[in-house]
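All chains should be built: construct the whole structure from the sequences, respecting the hints.
Residue numbers (our numbering), protein chains in the order written: chain Y, 11 to 356; chain U, 11 to 356; chain E, 11 to 356; chain D, 11 to 356.
The hints are simulated quantities; they were obtained by calculation from the structure and are not laboratory data. Wrong hints could be hidden among the right ones.
[Claimed, not checked] A few chain U residues that face chain D, going by a derived Cβ cut-off under 8 Å, partial list only:
# : residue
1 : 192
2 : 199
3 : 205
[Said to hold, decoys possible] Here are a few chain Y residues that face chain E, going by a calculated C-beta distance under 8 Å:
#  : residue
4  : 130
5  : 131
6  : 191
7  : 198
8  : 199
9  : 202
10 : 203
11 : 204
12 : 207
13 : 208
14 : 249
15 : 275
Quick caveat, the model's predicted, so the values are computed rather than measured. Idealized CB from N, CA, C, for every residue including glycine.
Protein chains: 4
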Amino acid sequence: MLKVAICGASGYTGGELLRILASHPEVTITVVTSEKSAGKRVTDLFPNLYKYHNLIYEPLSVGNILDKADVFFMALPHGESQSVVDFFFRKGKRVIDLSADYRLRDVKVYEEWYKVPHKFQGTLKKAVFGLSELYRKKISRANLVANPGCYPTGAILGLYPAVKNKLVDVTSIVIDSKSGTSGAGRKSDLEYSYCEVNEGFKAYALARHRHTPEIEQELSAIAGKPIRVTFTPHIAPFDRGIFTTMYARLMKIKDTKQIIEFFKETYANEPFIRVLEMGTFPDVKHVRGTNLCEIGLIVNARTETLIIVTAIDNLMKGASGQAVHNMNLMMGFPETMALEAMGLFP
Amino acid sequence: MLKVAICGASGYTGGELLRILASHPEVTITVVTSEKSAGKRVTDLFPNLYKYHNLIYEPLSVGNILDKADVFFMALPHGESQSVVDFFFRKGKRVIDLSADYRLRDVKVYEEWYKVPHKFQGTLKKAVFGLSELYRKKISRANLVANPGCYPTGAILGLYPAVKNKLVDVTSIVIDSKSGTSGAGRKSDLEYSYCEVNEGFKAYALARHRHTPEIEQELSAIAGKPIRVTFTPHIAPFDRGIFTTMYARLMKIKDTKQIIEFFKETYANEPFIRVLEMGTFPDVKHVRGTNLCEIGLIVNARTETLIIVTAIDNLMKGASGQAVHNMNLMMGFPETMALEAMGLFP
Amino acid sequence: MLKVAICGASGYTGGELLRILASHPEVTITVVTSEKSAGKRVTDLFPNLYKYHNLIYEPLSVGNILDKADVFFMALPHGESQSVVDFFFRKGKRVIDLSADYRLRDVKVYEEWYKVPHKFQGTLKKAVFGLSELYRKKISRANLVANPGCYPTGAILGLYPAVKNKLVDVTSIVIDSKSGTSGAGRKSDLEYSYCEVNEGFKAYALARHRHTPEIEQELSAIAGKPIRVTFTPHIAPFDRGIFTTMYARLMKIKDTKQIIEFFKETYANEPFIRVLEMGTFPDVKHVRGTNLCEIGLIVNARTETLIIVTAIDNLMKGASGQAVHNMNLMMGFPETMALEAMGLFP
Amino acid sequence: MLKVAICGASGYTGGELLRILASHPEVTITVVTSEKSAGKRVTDLFPNLYKYHNLIYEPLSVGNILDKADVFFMALPHGESQSVVDFFFRKGKRVIDLSADYRLRDVKVYEEWYKVPHKFQGTLKKAVFGLSELYRKKISRANLVANPGCYPTGAILGLYPAVKNKLVDVTSIVIDSKSGTSGAGRKSDLEYSYCEVNEGFKAYALARHRHTPEIEQELSAIAGKPIRVTFTPHIAPFDRGIFTTMYARLMKIKDTKQIIEFFKETYANEPFIRVLEMGTFPDVKHVRGTNLCEIGLIVNARTETLIIVTAIDNLMKGASGQAVHNMNLMMGFPETMALEAMGLFP
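Now the structure itself:
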């Protein structure tokens with residue numbers, strides 16, 4: 011059995027890792043860390059995870075836990091993750107980092123958007139961006155995977171076939187995302203208290219959300235030239251899911267059916283991508299609890315604009331599910347192991 | 011007291027008209043019609059409207075109700091409204107039509123998008139588009155007002171100062187709207203049942219929503235040249251509210267503060283428009299139950315894009331509140347009469 | 011104009027007082043206090059209350075604000091309210107206390123349930139319990155009114171006619187209440203964050219909720235003998251409203267219709283009580299934003315049990331609306347002034 | 011592989027059976043029936059169940075499907091199930107009926123509450139009530155299992171140890187249940203449309219809900235004497251879950267800890283029952299997607315009342331999960347096969 015540690019396991023993504031891995035036949039959880047909840051049981055924080063009744067949080071002491079696990083999932087805040095990841099990586103462990111610290115390949119861009127220096131540039135160079143549909147091979151050989159952000163996952167997967175096949179004018183891309191409230195994390199914050207969020211809808215971090223450079227990095231790599239995008243995230247009154255609506259001016263091909271074919275071909279062998287039939291569009295409710303990214307698209311002929319929409323579960327494909335997918339690739343397990351669940355509906 | 015009839019008063023907009031007008035000191039409701047609910051009390055359909063316990067629905071027989079009212083609000087389905095509006099209008103009554111039948115000035119456009127012929131083109135020519143911020147004077151002299159659609163209200167009010175002042179490239183406009191579920195109307199439809207909508211989020215009517223030509227008609231009139239827009243509506247799990255996020259390429263001015271000034275000047279005397287301070291953005295939760303349109307904006311300097319967001323209550327400013335505003339203008343009542351309520355929060 | 015101060019005006023009940031009083035023609039708000047938010051505008055905390063843009067929070071310095079107002083609403087935490095209320099009361103001001111500090115007439119009971127001593131027993135003796143349906147006359151002559159708790163309001167109003175008319179065995183009363191989440195107050199508490207509450211339902215404070223002695227005090231007074239009740243509160247995923255289901259063994263009369271008549275007679279002249287017709291039951295959604303208490307009841311003949319259900323808006327009839335009602339009574343204003351609104355639906 | 015048919019597979023319980031059985035290693039679905047949706051794919055009705063893309067609904071023709079399956083799940087409306095169940099049962103098939111048609115052993119009681127005659131009393135006598143915690147042995151030998159109702163499941167499991175151990179006065183039982191809206195089924199009904207349910211809370215079917223005799227039948231059997239209960243169901247704005255609060259007068263033992271011990275002993279070997287520690291109470295959010303029944307309890311010493319609360323997922327333990335548990339028992343599969351999932355949270 012593969013021994014797994016989860017550092018920072020008191021939040022929603024940590025809890026989701028525990029939930030997924032409970033049904034993974036090759037894995038056993040040996041360490042969960044939390045500073046605030048050290049000494050408590052997992053079930054004190056997650057009454058739903060009753061099978062972990064005997065698993066106790068401990069403080070994140072890298073020396074103490076080094077020998078207790080083979081794979082380390084990092085669900086720490088941005089900035090805090092840097093040194094811990096570097097430590098385990100240099101000790102030869104396999105590390106999957108759910109923070110943003112190793113996602114941006116250009117240190118300057120990281121420091122500009124996150125306002126902290128990056129102190130481990132050598133390690134950063136070894137990190138592979140963990141979007142398996144783009145980097146499957148590299149991930150399977152990597153020791154350090156930077157798990158993508160939730161918004162970038164839905165946005166890049168939606169735009170990848172269009173940008174790769176040069177279907178759209180890449181200077182015209184608009185990305186409008188709507189996230190469930192679990193995306194804000196598990197925290198005591200008036201802004202995310204029930205009565206402030208419920209029956210509300212708002213945009214936030216306009217023109218400055220930190221997932222912007224991550225989306226741009228990957229789209230630029232696909233296009234082979236620098237791309238800038240306009241990205242607006244919104245917070246919506248539901249628990250899980252990100253719905254992303256994307257707009258780009260079409261170049262030559264302007265037929266919905268034909269473009270759907272491009273998408274289907276691109277993702278033909280992907281176990282977690284579902285390109286929907288013409289006239290069919292996704293709903294976050296249908297992918298809840300799954301590792302899927304569902305994609306729908308249509309051409310707006312009157313404005314010669316391609317509209318692409320994607321739906322993911324932000325805690326699964328947007329975070330912990332994708333992290334387990336990456337672990338499966340790194341360890342040579344079947345890709346979909348522990349990630350087979352269909353959506354819980356309603 | 012002004013005698014008011016509401017034709018089609020069993021849906022959410024009809025109920026909202028009743029709720030608003032209950033506090034209007036110059037008005038008395040004399041007629042409510044509903045085919046299905048004829049003979050029932052208003053309180054049978056709207057237990058909240060308990061003060062209307064003695065008001066009984068009757069079938070819509072134009073001859074019977076003609077003499078019972080001075081002003082007729084029409085909350086009938088599109089297509090059905092045409093002839094009824096024409097009848098009351100030709101009889102010299104004041105008519106406020108909440109359907110789409112008299113909104114589009116070009117009959118061809120109407121017939122193309124609504125798939126029914128328009129049989130009353132003479133009357134159509136007399137109709138004034140009831141967006142008071144654009145047509146206040148005409149409305150105050152009109153006998154027939156076509157109350158704007160809910161999406162067009164939030165979109166046009168957000169884009170008007172930018173288009174009017176030639177701040178943006180009008181070929182680049184993208185409008186992404188998120189509506190509460192009451193926008194779908196009050197009906198027995200599995201698609202809008204609780205467990206299908208709750209915890210979900212989806213786009214619908216992509217590239218073909220009927221509010222598109224209404225938005226284009228008004229923006230074209232403002233710009234003085236034909237404009238086409240890309241418009242995508244979404245349905246979200248809350249009762250009331252439309253949040254609209256708009257994107258357009260900037261022309262010359264690229265300073266958020268300066269553009270906010272343009273917006274503030276444009277709407278300086280508008281009782282129901284609130285242009286928010288820099289860095290502040292609206293939330294549908296804060297305008298619930300009000301006739302306000304709140305507007306926030308920011309320049310995305312990296313992509314030279316103006317992002318404008320608006321929040322309205324779709325049943326108030328997006329329908330019945332705006333209709334009462336129009337009645338106040340037509341009758342010479344104070345504009346804000348019965349529309350003074352601040353938002354019910356939380 | 012009557013000058014009004016609201017001490018502790020940053021929470022939901024304080025915000026609701028501001029919203030209600032904005033439409034009160036006899037009142038002007040002169041003081042709002044908040045320790046944490048001193049110096050901020052009301053609109054910084056309540057974007058919905060835009061008409062109070064120029065009203066600034068100040069710290070609660072009793073000396074500074076004494077002369078600025080005639081009526082003081084106290085929306086402070088339990089325990090903190092005691093001395094402030096006492097100060098203004100002894101200075102001859104009219105005080106309406108929304109905390110629990112002056113509700114329980116027996117000091118021992120207060121100290122047992124609230125775990126703090128009561129230091130102002132002289133003032134306590136002058137306080138009138140502010141349930142207007144029971145104490146209208148006393149309230150109209152009072153200088154200090156202890157506004158009832160939210161749960162007690164729905165429970166006492168539901169049971170009053172049954173207990174008063176000796177319809178039920180008072181040793182058998184079970185009260186099962188379901189509250190919207192705004193009842194927990196406006197605070198940064200993980201337990202009340204969106205993703206913890208949404209899609210959940212739970213009981214809390216079982217067998218020990220502090221509203222129990224308040225319900226018992228009033229029912230005992232009505233019955234003329236000590237009564238104990240079993241009371242269970244629950245928290246539910248909606249913003250506003252308390253739904254209370256009450257059970258008691260019937261004594262003699264066992265006919266639903268006849269008991270409804272008793273209830274109708276008891277509340278015949280009450281502007282805010284609606285006893286519903288046989289077979290009709292309330293829904294918190296229909297009283298949202300109103301000062302109503304709606305009551306439905308039925309006899310379960312098979313078990314000889316009377317089932318009474320009530321619905322109120324916890325922030326209105328359960329707190330701030332009732333407080334304004336009390337102010338109207340104390341000042342001789344029409345009872346329903348500023349409290350006329352019908353329910354916002356949907 | 012065991013061949014399984016689901017008759018009436020277009021509703022929420024049918025969809026849930028499909029979702030659960032997709033991960034059952036011993037089962038293959040060979041037939042799904044629906045009159046309205048005959049010819050459609052499962053994915054047309056349940057986009058979440060994408061793995062069933064090639065499974066097509068067919069009309070319920072008993073002759074056509076008889077040989078296609080070994081086990082028949084019946085998710086038909088009450089009354090319609092009678093004859094179909096009888097047919098398959100007499101043909102020697104194993105039948106699990108999710109309707110109420112074979113739950114009530116006394117035909118008179120069935121006919122009184124359901125207002126239809128029972129035409130298959132011989133078959134009725136062979137039916138076993140499918141609450142596995144009470145009838146495990148009988149179920150394992152049965153060919154016809156009547157799967158319990160959702161409310162009875164939560165109520166009987168909560169009361170069973172108390173009634174069995176004679177802890178409470180069985181004439182005093184009050185059962186107050188709060189159900190998520192999926193309990194109303196999947197249907198186009200205005201009453202259950204989003205805007206009517208959301209932000210609301212109400213009781214329904216007071217003193218006359220059809221699950222009452224089912225609860226009484228089982229509690230009477232446990233007690234060895236006739237018991238009547240007062241049962242009130244409520245509908246709440248969440249998708250899944252039933253929370254039941256139960257009240258009964260205590261007899262001798264009045265210590266919470268001791269009673270919890272009784273409960274723990276009673277359910278010591280039950281894989282799906284969790285008796286929570288003292289001071290801990292369940293939340294429907296923590297059992298969502300699981301087959302668990304979580305139980306908390308406390309003694310209200312002041313009124314000598316035992317308060318028991320249970321939480322289940324109405325579609326799992328309250329319907330389809332319990333049905334699969336029964337199939338596992340009938341077929342000799344491990345009890346928890348396909349039912350191991352922990353709660354999806356948040």
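Outcome of the hint check:
no.	hint	result
1	192	5 Å, holds
2	199	6 Å, holds
3	205	5 Å, holds
4	130	32 Å, violated
5	131	36 Å, violated
6	191	4 Å, holds
7	198	4 Å, holds
8	199	6 Å, holds
9	202	5 Å, holds
10	203	5 Å, holds
11	204	4 Å, holds
12	207	4 Å, holds
13	208	6 Å, holds
14	249	5 Å, holds
15	275	38 Å, violated
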